[in-house]
Amino acid sequence: MPKYTKPPSHLQEILKWNGWGYSDTRFLFNKKGQAEFTGKRYRLSGMIIPALQNWFEGTFGASVQHKSPAMPILTSSAVQPPTLNEAFVDELKSTGIPCSHDAEDRVFRGHGHCLHEVFALREGKVGRVPDIVVWPNCHNDVVKIVELACKHNVCLIPYGGGTSVSSALECPPEETRCIVSLDTSQMNRILWIDEKNLTAHVEAGIVGQELERLLNESGYCTGHEPDSMEFSSLGGWVATRASGMKKNIYGNIEDLVVHVKMVTPQGVIEKGCQCPRMSTGPDIHHFIMGSEGTLGVVTEVTMKIRPMPEYQKYGSVVFPNFEQGVACLREVAKQRCAPASIRLMDNEQFKFGHALKPQVSSIFTSFLDGLKKFYITKFKGFDPDRLCVATLLFEGDREKVLQHEKQVYDIAAKFGGLAAGEDNGQRGYMLTFVIAYLRDLGMDYYVIGESFETSVPWDRVLDICRNVKARIIQECKDKGVQFSPLSTCRVTQTYDAGACVYFYFAFNYRGLSDPVHVYEQVEHAAREEILANGGSLSHHHGVGKLRKEWMRETISDVGMGMLKSVKNYVDPKNIFGNRNLI
Amino acid sequence: SKCVYTYKEHRDPMLKKRDDFEDILEERRNSSDLKYALRCYTPVLYKGVTPCTSSMLKSMVLQSDQLHYVINQVSKETGKATDDIKEEASAILEEMAQCLQLSTVRFFAFTLSKAFKTLFRSICVNEDGIQRLQQAIQEHPVVLLPSHRSYMDFLLMSYILYTYDVALPVIAAGMDFMGMKFVGEMLRMSGAFFIRRSFGGDKLYWALFSEYVKTMLKNGFAPVEFFLEGTRSRTSKSLTPKLGLLNIVMDPFLKGEVFDVNVVPVSISYERVLEETLYARELLGIPKPKESTSGLFKARKILSEDYGSIHVYFGQPVSVRSLAQGKVNRCQFNLVPRHIPRRPSEDIASFVNDSAYRLVRAQEENMVLKPWVLVASLLLQYHHQNQAAGQKRGIALGELTAQAVWLRDLSRQYGAFLHWPGTVVTQVFTIILLALLEQGLYFFELLSQAVILLSCASYRNQALHVFVRPALLALAIHTASSNQKQEVFNSFSFLRNMFSNEFILCPGATVQDFEEACYLLVKTGALQFTQQEVLVTERGHRTLAFLSTMLDPFLQGYQVVCRFLCEEATETLTEKQFIPAVRKFIKKLLLAGFYLLLFLRFSFVCVCVFFFTSAFYKMHNCVLCVCVCVCVCVLSR
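If you're matching them up, the sequences are chains A and B in order.
Its first residue numbered 1, the first sequence is counted upward by one per residue in our numbering.
Its first residue numbered 1, the second sequence is counted upward by one per residue in our numbering.
Quick caveat, the hints were computed from the structure, so don't treat them as lab data.
Predicted, not measured: the structure shown is a model, and the values here were computed from it.
A virtual CB, placed ideally from N, CA and C, is assigned to each residue, including glycine.
Mixed in with the good hints there might be a few duds.
Chain B side only, calculated, beta carbon under 8 Å to chain A, not exhaustive [to be verified]: (1) Gly-256; (2) Phe-259; (3) Arg-330; (4) Phe-529; (5) Gln-532; (6) Glu-533.
Listed below are the simulated DSSO-like cross-link pairs for lysine-lysine, each with C-alpha atoms no more than 30 Å apart in a straight line [stated by the list, open to error]: (7) A:Lys-477 <-> B:Lys-16; (8) B:Lys-218 <-> A:Lys-380; (9) A:Lys-477 <-> A:Lys-67; (10) B:Lys-58 <-> A:Lys-380; (11) A:Lys-373 <-> A:Lys-414; (12) A:Lys-573 <-> A:Lys-548; (13) A:Lys-67 <-> A:Lys-31; (14) A:Lys-144 <-> A:Lys-414; (15) A:Lys-334 <-> B:Lys-255; (16) B:Lys-181 <-> B:Lys-288; (17) B:Lys-218 <-> A:Lys-548; (18) A:Lys-40 <-> A:Lys-67; (19) B:Lys-288 <-> A:Lys-479; (20) A:Lys-357 <-> A:Lys-406; (21) B:Lys-327 <-> B:Lys-17; (22) B:Lys-218 <-> A:Lys-334; (23) A:Lys-334 <-> B:Lys-16; (24) B:Lys-58 <-> B:Lys-35; (25) A:Lys-334 <-> B:Lys-58; (26) A:Lys-373 <-> B:Lys-16; (27) A:Lys-414 <-> A:Lys-40; (28) A:Lys-479 <-> B:Lys-327; (29) B:Lys-218 <-> A:Lys-414.
So the derived label-pair ranges between C-beta atoms look like this [what the hints assert, rightly or not]: (30) A:Asp-369 <-> B:Val-336: 46 to 52 Å; (31) B:Val-49 <-> A:Ser-565: 51 to 57 Å; (32) B:Ala-91 <-> A:Tyr-409: 40 to 46 Å; (33) A:Lys-477 <-> B:Asp-128: 53 to 59 Å; (34) B:Leu-38 <-> A:Ile-48: 56 to 62 Å; (35) B:Asp-128 <-> A:Ile-73: 29 to 35 Å; (36) B:Lys-181 <-> A:Gln-521: 56 to 62 Å.
Can you make the complete structure from the sequences, with help from the hints?
Here it is as structure tokens:
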């Protein structure tokens, strides 16, 4: 066997192989039955969360006595031996680009974070995975790899941060060629910063938090903060049309990208200038953005940057009910005064957020909390089973932030909203990053769940929230789920013409013989419901293979034909054969 | 025809499980009506309901997007100022809206208790059905769809719901009631809202009306009640459904404004309808008396008569969501704002139509049949046969009893919901005979009178839904040129098509109906199927003869109309003139000695519409010929 060289930096080593995030960070119920968040990386790390157990057991009918632990380590025998294209491997080796066919490396890149993918890993089951992993170090390495792949007819699957939730990274089981996972993680440099034009030219393998950290050192930021930004990569954002939490100020990825370079089997595609806008026919960036690895590998991106904000302030507003909350968000959007981020959680999620409050250190804080609760429910007459909360994040220079804050709170007041403090707001945003860890905790105790998103016109927001949540509950019942599921949603982005809605859904699967299948049926039904209620197939997760079946009705026959003809021209041999999207 | 064998055992109508009844009048006879009318009434409401008054409802309707849109549109078309149109709208709404008041409901609870106790022996309700309804009301907006045989229906419904502490419905009522001074307002205060009988092109009226119904439904204000058949059936035979209101109540689901709508078919079976003789006269061409308070007052004489018992069966709530599953693509509403009124697309129109038929069938299935319904069917057949043979002979009681027992067993096997008091047959028959005598139906002398005959036919009609499919098959076997399965199916399909406006036959369900009919006839040993052929068994002849005779009056009715159209109809005949003209024609035939099984029935309206819509003036000869041929060949076998 040829000898392989592995690259020096290896995020894989500090991440879980069968769950979300860092190996040192996880939720667990300690011996006293209290929930604890381990590690040191997050604000919540090392804290006790006293209310979580009650909430968990009460919501799901689960018990901390009933464990469903994961297989601790991967047995190499579970992994199929690689199908290697020897000629390709030999030539690849001669280029000196690092590569590996270790079982662990291959398994790590053979999945995203869909429930079925993680569930299988926890059970130690591994399906078709890439046969070999390569780590190009720069654009030219990628060019060489793609050339070799074309020459030897091997299948390439680009890999960025591995945070896909659309089955995009799954290897098509029908693929008989050697599958090469092209891991861009070594291409993680900022190549230059142009302070005159406020742009930065960055290699596409850089992960979100690293990009921000490096730019911050020079006093800049991109402001692009998808919930997965700790692990997801710039190239992945471009390939899936990502959206960031603070898009109201900075824009989504399509607004941030000035120039993209992508290596395709036909060669390199890029624009000849770095202009802000062009009228030169259909924008070729829009073939690249959202192509989900079916056309080529994004190698370098020029992105807009902004000076770091002088001042940041969190906030929150409590509404008597979800309807009022949505009406407020709509008004905020109408007046185009949305803060950097504004999110509205429904009642279930509000309670969930409450259950995640860490143990308070002083009697004074708990006294204050009690007082707040009294004020809202007793004095203001909010029904604790109906009220909901919006979390806010303001950014900019101090004075403008305060002015802006007042404007938003004034609008909220018109819809019965009461300001509920910075702390609630901040905790809401922290939840974003830890919620994925919570899924792993659930899976330790027979609870499986997932989130999915959509975008929808304003007049449909309430209807879609109600109907999809109800559909989930009904489907669970019909499919024999013994316990009532958690079915909750939040509005996470506002636009002029609509909003982005996130659904969370989880249930206790004790008593089911094939929980993942049930889960998939329910998710399928929920997506049908979304489409029937005028929602989109996806706002920012992408299509992958999970939602492919609905593409035709989403973009019409002609639309499909257009995408297919582009694919046929760019990649006639289907080298980029992950079979996503179309 | 190969599907005969796929008709599943579990769909056997005989195995249908039905709830038990409870008499609600019993308690009324034993305790104070006043106390009952004043008792604490706290119904369970829809979970999402926000309390709102009827005036709030009105303003919600007037401020709705749909109304805004239509007002602007009308203003553009007519040049009237929007403010004027708004005023007009508000006046229409004033005329339409209900204003449910508990005090009025209590008044009705008291007076109706008194009236019901005098009129009826018992009012039997299936309490399990009430419980299912309670449950349904909490979960989703509910639409109540009672069968419509009498003015009594909606008062009775509200009375029952009040008795069981269920949310009182708002009821779509015809404008005719508004003509009744005082009473109209009373009905309004007990939950009725009034709609004009026709408002074809009036956009504003339609918008107001549909928005009003939808607003009440969506907010879970109250269950919405209306009559699918549109009007009271004068013949005790279910009428083909009207789709307007059903379209409206399904719309919020189809557009995603509610998660689901529960539709509850309710079957109200009267032992004797209050309007019995009135209907018979109406069918003979005596116009229906206009609804008026004085008329109602005069009608108080009915209080001295005995109307037996009423059975009210609340059926299984039907989820519109599950009805629509796989039939309607709700995405079609994604591309146009939902408040802009649009004509329903083809798939939605056919979905609503299908559902309507299914719901009417659901009503029919739970109609309780009394022994005299079967006896009336038998007597009519005897009467006709004797008449045709020019005889004036009666039927021995013993023979009639034996026949009735045979028919009882047959109809049970066909899934009829029989209410057969007692087990000793002769005893039952004494009761029946006494009842018949009481009602002036002592047959042979009097049967020659049209009114009695029609009343009798309306009893027979109550059982039609049980027999119609097997009867069509029986007739098809007689008319088919051979007993090849395909031939029989073809002639079944033709007959079914011809009678599609006469009986409740779900559109497009020819194959299912055929299967069902085959299944029933095979099960009861009347038919046998070989690879290719349909064979009538030895004992099947009796069943088949009975079944096909049941359809004779209908065939003959059609035949007469066809003859009329061929012989007398002039090109200028309008719809209005049509029925009286046919009546005159029949009278002439009768005088000429042509014996008819039945006098002109109401359903000719359907026939008439059928002819007019099939491009009558162009095609009339060929359509008629086909019809006449069939009728004649069927009758002259």
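How the hints compare with the structure:
1. Gly-256: Status holds, d = 4 Å.
2. Phe-259: With a closest approach of 4 Å, the Phe-259 (chain B) hint holds.
3. Arg-330: holds (4 Å)
4. Phe-529: violated (37 Å)
5. Gln-532: violated (43 Å)
6. Glu-533: violated (44 Å)
7. A:Lys-477 <-> B:Lys-16: At roughly 25 Å apart (the allowed maximum being 30 Å), Lys-16 (chain B) and Lys-477 (chain A) satisfy the hint.
8. B:Lys-218 <-> A:Lys-380: holds (28 Å)
9. A:Lys-477 <-> A:Lys-67: holds (23 Å)
10. B:Lys-58 <-> A:Lys-380: Within the cut-off at roughly 29 Å; holds.
11. A:Lys-373 <-> A:Lys-414: holds (21 Å)
12. A:Lys-573 <-> A:Lys-548: Measuring from Cα to Cα gives roughly 21 Å; hence the hint holds.
13. A:Lys-67 <-> A:Lys-31: holds (13 Å)
14. A:Lys-144 <-> A:Lys-414: Violated. Lys-144 (chain A) to Lys-414 (chain A) sits at ~61 Å, over the 30 Å cutoff.
15. A:Lys-334 <-> B:Lys-255: holds (24 Å)
16. B:Lys-181 <-> B:Lys-288: The hint holds at about 18 Å.
17. B:Lys-218 <-> A:Lys-548: This hinted pair is violated, its Cα atoms lying about 34 Å apart.
18. A:Lys-40 <-> A:Lys-67: Answer holds: Lys-40 (chain A) to Lys-67 (chain A) is near 25 Å, not above 30 Å.
19. B:Lys-288 <-> A:Lys-479: violated (54 Å)
20. A:Lys-357 <-> A:Lys-406: This hinted pair holds, its Cα atoms lying about 27 Å apart.
21. B:Lys-327 <-> B:Lys-17: holds (28 Å)
22. B:Lys-218 <-> A:Lys-334: holds (26 Å)
23. A:Lys-334 <-> B:Lys-16: Measuring from Cα to Cα gives roughly 57 Å; hence the hint is violated.
24. B:Lys-58 <-> B:Lys-35: Cα-Cα ~33 Å, so violated.
25. A:Lys-334 <-> B:Lys-58: The hint holds at about 28 Å.
26. A:Lys-373 <-> B:Lys-16: With Cα atoms ~54 Å apart, Lys-373 (chain A) and Lys-16 (chain B) exceed 30 Å; violated.
27. A:Lys-414 <-> A:Lys-40: Violated - the C-alpha atoms of Lys-40 (chain A) and Lys-414 (chain A) are around 41 Å apart, more than 30 Å.
28. A:Lys-479 <-> B:Lys-327: holds (21 Å)
29. B:Lys-218 <-> A:Lys-414: holds (25 Å)
30. A:Asp-369 <-> B:Val-336: 46 to 52 Å: Cβ of Asp-369 (chain A) to Cβ of Val-336 (chain B): about 48 Å, so the range 46 to 52 Å holds.
31. B:Val-49 <-> A:Ser-565: 51 to 57 Å: Distance hint for Val-49 (chain B), Ser-565 (chain A) holds at roughly 54 Å.
32. B:Ala-91 <-> A:Tyr-409: 40 to 46 Å: Between Ala-91 (chain B) and Tyr-409 (chain A), where Cβ atoms are some 43 Å apart, the hint holds.
33. A:Lys-477 <-> B:Asp-128: 53 to 59 Å: Because 21 Å falls outside the window, the suggested range is violated.
34. B:Leu-38 <-> A:Ile-48: 56 to 62 Å: holds (58 Å)
35. B:Asp-128 <-> A:Ile-73: 29 to 35 Å: Since Asp-128 (chain B) and Ile-73 (chain A) have Cβ atoms about 57 Å apart, the given range 29 to 35 Å is violated.
36. B:Lys-181 <-> A:Gln-521: 56 to 62 Å: Cβ of Lys-181 (chain B) to Cβ of Gln-521 (chain A): about 60 Å, so the range 56 to 62 Å holds.
Of the hints listed earlier, those the structure fails to meet are numbers 4, 5, 6, 14, 17, 19, 23, 24, 26, 27, 33 and 35, in rising order.
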